[in-house]
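Next come the chains, spelled out residue by residue.
Protein chains: 2
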Amino acid sequence: MLVEIAQELGEVVVVAPDSPQSGMGHAITLNTPLRIHRTRAFPDLEAYECSGTPVDCVKLAKHVVTKDRKVDLCVSGINHGSNAAINIIYSGTLSAAMEASLEGIPSIGFSLLDYRYDADFTACRDHVKVIMEHVLEHGLAKGSLLNVNIPKLPKEEIKGIKLCRQADARWQETFAEATDPRGQKYYWLTGSFVNDDPNTDTDVAALEEGYISVVPSHHDLTNYEALEHGSLRSLEEAEVAS
Amino acid sequence: MLVEIAQELGEVVVVAPDSPQSGMGHAITLNTPLRIHRTRAFPDLEAYECSGTPVDCVKLAKHVVTKDRKVDLCVSGINHGSNAAINIIYSGTLSAAMEASLEGIPSIGFSLLDYRYDADFTACRDHVKVIMEHVLEHGLAKGSLLNVNIPKLPKEEIKGIKLCRQADARWQETFAEATDPRGQKYYWLTGSFVNDDPNTDTDVAALEEGYISVVPSHHDLTNYEALEHGSLRSLEEAEVAS
Chain G
1 MLVEIAQELG EVVVVAPDSP QSGMGHAITL NTPLRIHRTR AFPDLEAYEC SGTPVDCVKL
61 AKHVVTKDRK VDLCVSGINH GSNAAINIIY SGTLSAAMEA SLEGIPSIGF SLLDYRYDAD
121 FTACRDHVKV IMEHVLEHGL AKGSLLNVNI PKLPKEEIKG IKLCRQADAR WQETFAEATD
181 PRGQKYYWLT GSFVNDDPNT DTDVAALEEG YISVVPSHHD LTNYEALEHG SLRSLEEAEV
241 AS
Chain X
1001 MLVEIAQELG EVVVVAPDSP QSGMGHAITL NTPLRIHRTR AFPDLEAYEC SGTPVDCVKL
1061 AKHVVTKDRK VDLCVSGINH GSNAAINIIY SGTLSAAMEA SLEGIPSIGF SLLDYRYDAD
1121 FTACRDHVKV IMEHVLEHGL AKGSLLNVNI PKLPKEEIKG IKLCRQADAR WQETFAEATD
1181 PRGQKYYWLT GSFVNDDPNT DTDVAALEEG YISVVPSHHD LTNYEALEHG SLRSLEEAEV
1241 AS
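Chains G and X are the protein sequences, given in the same order. Using my numbering, you'd call the opening residue of the first sequence number 1 and step up by one each time. Using my numbering, you'd call the opening residue of the second sequence number 1001 and step up by one each time.
Treat the hints with caution; some may be incorrect.
Claimed, not checked - Straight-line distance between alpha carbons at most 30 Å, and here's what the computed DSSO-like set of lysine-lysine pairs gives: (1) G/K152 - G/K129; (2) X/K1152 - X/K1129; (3) X/K1070 - X/K1152; (4) G/K159 - G/K129; (5) X/K1129 - X/K1142; (6) G/K67 - X/K1185; (7) X/K1067 - G/K185; (8) X/K1070 - G/K70; (9) X/K1142 - G/K185; (10) X/K1142 - X/K1067; (11) X/K1142 - G/K142; (12) G/K155 - G/K129.
Worth flagging that the hints you see were computed from the coordinates, not collected in a lab. Predicted, not measured: the structure shown is a model, and the values here were computed from it.
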């Protein structure tokens, strides 16, 4: 769907992982080499599959595939399942978009709140195109990317697009514990999403109301409030044994 | 070194990956089960090795190993090599600390600017202890962690501890291109660190001056400046074909 829409807006090059990368976060491949091959998945396009992580794909796209070309926009996704709130941290889709923003390329990560293999990506088609056109036309602040999440709704029930901040929500983790055929114990991560953030200006709230959420995001993790207030300043005067 | 110092401050439980995890970022293991075993690396301690990523280790530590115990502090590292500036995004060490902060556990990621296998971790011993004691005594703001980087200097040349923000530095990537014994081309990520941030209130600047840098960090990636200013607001009024 994303390739289809992008083709209506310009020349498209695809670089994508050759295997599922759920929960890959901002991982990069340092200890093994990377492979990249033309793929027949998009016979009419310049399209590659890559052995690495989503972030590796962006690095290869920028520094090998499009080395001497100017890239106007990087789009990543459309992910099966929400990348709202804290999910941005775990998401390969959004980490790929962030990597492009680090390279100075305006970028957008798209996710649909539907985990099903046959999820319907057509309902959001026009909204996705509008967001891509907006970024192509206006650009984004330096180092910024957009985290776009789309509610699982028919097109006529999508209320519109809402700019918002990342909700302070979290995962309540549990581990399924079981025994393998050789009698060895193993653990498998599971959990449920908990929104502790009661405010209405968040991505989670916008999605619950039926809006497409757009969170301008960046890579500066500094907690400026904790930097300027609080007890940390006294650390600079701490006595250290000599 | 970190275990040794922590043992002077309280009861210590170790949960660590069973293999190198460089560049693992905030990756989690979703598609395969996890294994966790007691390790003999620390014969006098409750210590485990885990098959997953650094973030998996923290999740297992919290929800399996210390399930019914209160954890006062999570420390991660000491990493070989800098996690200042943008490195926090790629770092398994810091992602582990961030995961603990998401669980409400005050946490610190430590890194030494020395990649050598036999790097000298003793020079920073007293400073590391002071920082751990400070966090144990004062706690951290909700959802905060500390990103601590230590210059590669003898103890007497370390000028002290400096609170700072994350520098807006980046990696200038290149890929080594080569051919494997079977005649297939491969790529291997390499690159050099570039600091474009001329200001002196950053972690990179503090380290260059000979200070230990401490950046209070968090998981809110919202770019509030881009949210409140700029052209994004017009997205909410965008016309979508019906």
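Do the hints match the structure? See the list:
{"no.": "1", "hint": "G/K152 - G/K129", "verdict": "holds, 17 Å"}
{"no.": "2", "hint": "X/K1152 - X/K1129", "verdict": "holds, 17 Å"}
{"no.": "3", "hint": "X/K1070 - X/K1152", "verdict": "violated, 34 Å"}
{"no.": "4", "hint": "G/K159 - G/K129", "verdict": "holds, 16 Å"}
{"no.": "5", "hint": "X/K1129 - X/K1142", "verdict": "holds, 22 Å"}
{"no.": "6", "hint": "G/K67 - X/K1185", "verdict": "holds, 17 Å"}
{"no.": "7", "hint": "X/K1067 - G/K185", "verdict": "holds, 17 Å"}
{"no.": "8", "hint": "X/K1070 - G/K70", "verdict": "violated, 52 Å"}
{"no.": "9", "hint": "X/K1142 - G/K185", "verdict": "violated, 34 Å"}
{"no.": "10", "hint": "X/K1142 - X/K1067", "verdict": "holds, 21 Å"}
{"no.": "11", "hint": "X/K1142 - G/K142", "verdict": "holds, 28 Å"}
{"no.": "12", "hint": "G/K155 - G/K129", "verdict": "holds, 14 Å"}
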